[in-house]
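In the order they appear, the protein sequences are chains A and B. Here our numbering is used: the first residue of the first sequence is 1, the next is one more, and so on. Here our numbering is used: the first residue of the second sequence is 1, the next is one more, and so on.
The set of hints was computed from the structure by calculation and includes no laboratory data. Here the structure is a predicted model, which means the values were calculated and not measured. All residues carry an ideal CB built from backbone N, CA and C; glycine is no exception. Keep in mind that a hint or two might mislead.
Below 20 Å or equal to it, Euclidean Cα-Cα: the simulated PhoX-like pairs (lysine-lysine) are [stated by the list, open to error]: (1) K77(B) / K143(B); (2) K348(A) / K58(B); (3) K94(B) / K348(A); (4) K92(B) / K348(A); (5) K654(A) / K567(A).
Just a few of them, taken from the derived set where beta-carbon distance is under 10 Å, the chain B residues facing chain A [what the hints assert, rightly or not]: (6) G49; (7) I57; (8) Q87; (9) P89; (10) H104; (11) V110; (12) A131; (13) M185; (14) P186; (15) G197; (16) L275; (17) P279.
Covered, in the sense of this in silico footprint (three residues per stretch, anywhere, with C-beta under 8 Å from a C-beta of chain A), are these stretches of chain B [what the hints assert, rightly or not]: (18) 36 to 48; (19) 156 to 167; (20) 187 to 196; (21) 228 to 237; (22) 261 to 269.
For reference, the chains in residue letters:
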Amino acid sequence: MTSNLCKLLVAVVLSIMAGFFCYPLGEKFLVAIKVRDALVSKSQREAEEARQARLREIEAQRKLAEADAAKRHRGIVISDDTANNDWEKGFEEEDESTSTTEHVAQDDAIGDEGSSENGAELDFSSYMLVDCDPDLVGITEDKEANEVPGQTDVVPKVMDSKVRSANSTALRKFAHALEKTAKGTRQLNAEFKDDSWKSPQELYKTLEQRVLTKLGEKPTAQKIIEYLSAPENRRDLALVTLIRRAGIQDLEELSTQRGGIALLNALSADLQWLTDTLYSGPTDKLGKGLQNMALIFSQFSEDINDETTRRIATTTATEFAREGWSQKDMLDRFTYYYSSYKEGRLNKIFDSLAYWETRLVTGNRECHSWGSPASMAWQRDNVRLPVEGYLGASGQLVYRLRNVAGDSVFSGEYLAPVMKGFNNITALAHREIGGVCGACSHYGAYGALAAGIPAMTMGEPGHCAYTVRVGDEWKKGYSIYWQHSMHKTFWNVHDWEFLILAQDLYTDAIPTLMSDQLAAMATFMASKRMTKAAFQCFDAAIQAQPLNWPVWLAYTGFLKQKAPQDKERWTDLCTRVVDTLAEKYHNVAATLQARYVYPNMLPLMPDKKERNKIFAAFFKKCNDFGVSRWDITPLLNAQFAGCKTEAEKLDYMKTVLSILMTKPDYSGPVLTWGLETVSKLNEETGKDGDRFQAEFSKLITSAMKRMRSSKKDTDSTWAGLGEAIYTAATNGDNFTFQAIGKLALQKCKKNFPKNRFKFRGFPGRIVSAKGSIRTGVTLDDEGIKQSCLHWAVLQKNGGAIPIKFEGNTGITVKLESNSDLNGVVALFDCPIKNDRPFHIEASEDGQNWEDTEGKIEINGSIMRVDMRQARTSARYVRLLREGDKWDSGNIVGFYVYGKLIKKS
Amino acid sequence: MNGIRLFFCACATLLILVGSVVQGSQARTFEDALRRAGQDKPFVMFCYGANYDDVSIKAYETYIKKRDKNMYHVLSKTTYLVVPVYQQPNEKEKREYERVMGDHQLPGGVNSIPCFAVLDGEGNVRGAVQAREELDDPEKASKALAKLLDDFNEQQKLLKKLERTNGKRKEELQREILSYTDLKMPGHESFDPSQNGVVQKLQVMEIPEANAYIRTLLANGSFSPVERQMVMAAFAGHVRRSNGPVEMLRALYTEMRNIDPTSTYGIYAEGALELWVEPLEKEAAATDTEH
């Protein structure tokens, strides 16, 4: 024992001695680290100072440049913008489904203007997103020279399967060539530089001639595909497209702008950069985009060859031009991402983003609040998370409709006092003061965007949510509902499925690139009045990539202009949409059909059987919701609009209901649509509508029998009916509300409670039992599924309806008809807190409300309101509460007593 | 023979001693850290983004790998755990995370990574050093962490006392516990006038009645400085919207600011004075001059 102790003692002494000898070494090591750190921090300090000085210099230069530009372009820029706006207006009108006759008239006008400059291009461009600004001011076209025998204004027959098969082989070779180029060198001979760009018009002519010569007299799709397989030819087409999209005037201005020629030299010599600029999303106002790029590179010229800087600059410049945002904001945004990237403060994901993805990041929509450099820098440095973490970042905010001072989030006073103290950092102000769904979602989305991760906010009915791209998948944050309206879009369509489509489209890079280039060629051919070749190119472009939404639009627009009466082509187009897009992207296909195909095709198709067959083919593709739940209503409306007579309408409904009511996902929405359509018809047609409604009711009753009520399908039936009854309540449609409620009781009896309430009522009958009820709560999907229980709240066994009392929202009941009211009994599912007073209000029209001043008694979970003294008559009754506090819980029974007023 | 045994024994002891110095008080796993912290002690969790974030990597190198002297001094006095956080982890990375955290998720309260989070023995994040201006400067970061740890210990002492106290003293202690604004206290929610009905009640009151209500509330209740500021903000907001006397607004916002000018509601009060009170005072002065 003693010897062991001695040994331990010796060991300790030895270790102390070792420590003694090692200590100086450690000291030296520490000193060395200190010296190194000092050197590093010194160099970092110097770098930081240099960066700051440079940013100051940039700011000064920018101000000078802006002042200079304002002087030089006063007038020119304005007129150019006006032109662009006019074009946009044209497209928006198309979105609102302009009538066919208007377009025919437009076509005639173009025909008359055949000899004018660019006449052929002007018209169809209205529908073309691929080539958004083909108005080449300054390029004069020689009509005679453009006449191509056997090509001009010749609409070819629909391609047969043999030709498409041959195209398919050519496309495979093309894809191979593109893959090879992607791996190999990207630089081409800098053939077009300096002086060439001073006269873009001359350059365009040279290029145009070269393209046409190489293609020969009668280019076919295969010939064109072979032509595009060579990188030099692709470059020629890209330059032609660049000049066409940018416009001569903007390019001329660019060539005089500082750094303009250098940019064009570099861009035209780099096929990859050119491709990324042109084919990574829409390029509206590309001329302004290029001017933005030149402005950036005039200040960061040493970085023009840095791939990431190019990507940031190109995407920021083009997106800001496209959105019409200012150059100052554009430079601020570029500087933010550029400096964040250089400092290594962005998430690694940013390094490998493609151009189209980067556009979603650098082109984020808020320039002055959430997207301001100050707010983004704060989030970048204080909300740093792995990508998945941003989906929960909204939880960092306290949910406050009114801040602690009682100011509403919708007023300017909510944040005003702290903004100065927090250096106008929106994100910080909201984190400290609070916010509601909008602020929470922006906080989450802009946290991700500030780190260079694709994300965006989106609207939902009565709510704001957001989405973050994790891997290749868009994941939803703070979402409560299936319907989303995306706040950042490429194609001006805001549905969720279009975001998924964009993701899938650009992930499938090579086919998309082929399709984009073929579409660019189609546009060029069309501008040269080579209609036949243009049709073939469009056909091949769709064949190469059926997901290419802008190409579908461009083709539809072109078809509408060149062959509006060609039934065979329209039918072929419709069938291709069903065969290619509808398989997975139901909503995208439906949007294309409803907005662009049906309005042109259906008038050419008088036979209802033929039409119904086409509609049925679409529905057969829809076994479930596909990519995500979508709104089928616009499609059904577009199809229904094609029916002229009552018999046709009934026949159509019969077809639709017979197919869709058997599909669990669609039964609810189609029922809801049917009910709404009939109620609208009823309003429009009066007595005839009643008759029609009766006919329709029979249809519905027989169709509802088709709703599966096996154990397996009870859930979907319950959900479908819940959705339909919710819509009926929102519309105040008592008839339907009651019909669905009773049907639900038959089909899903087990879902209803069997309460036996004991309470003291009032004299008279219950005038609410045959009415409808709705809540102020914004229901999520799950809540809507349970909506048949709302109907049960008005019945003797009770149900459940969630409550929320906030301002003028509460529980509203539409009575069977106008009634003299005696009292109200409301049964809650928990004891009622008496901290805030309740009110019962009444109304004749659901718009103008008066407090009934009824006497309220609360006993546990039962509320009785005696209104006998007040002598109130009304059609609507609502229950409200003072203050804005959130109340959780349900009302399980709601009974209005009174006497129906007989109609005089 | 004995010499050889002695040599090996010395080596082993040396290794143990050196090992304990090198290891410091670093826990290997989350469970280990929880166990070491026990009921009263805190532990520090250094979270860093291991596969997606250059800032995290730099912080890891500075603080953990190269052991920044200041921070190491703080960490050596407590238990700490290094947690690599992975973005879209592959299998290897998942295993690496699981090795440290087991099946625990990253606890709530970590708003930004990298960070030094201070946790209690139940795994609740009580506070964190995660702001850039702190983490970029090791001296600042270590001071901030040391303060959090000291405050944690003080707060724990108060909690112990709280268990043995009743009545008015208990309320005072609660207020003191909540006065550590950088430290969250699970189970002790702050009084929030927008959520606790104060704002709603004020809406229907005349100013004198509201004044009496608020003064009574503040006199009888037990509030931390921040809570006091919030209650005053609620009252001042009501006075402002009711077009109450500007002198009252100035007095309220000034008092609110002076409680702690650097806190959020101190900044709010300062902004309110500038935004709402001063223009009213100027207007009043101009009217007086006219008269």
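**Request:** Kindly indicate which numbered hints from before are broken by the structure, ordering the numbers from low to high.
**Result:** 5, 10, 13, 14, 17, 18 and 19
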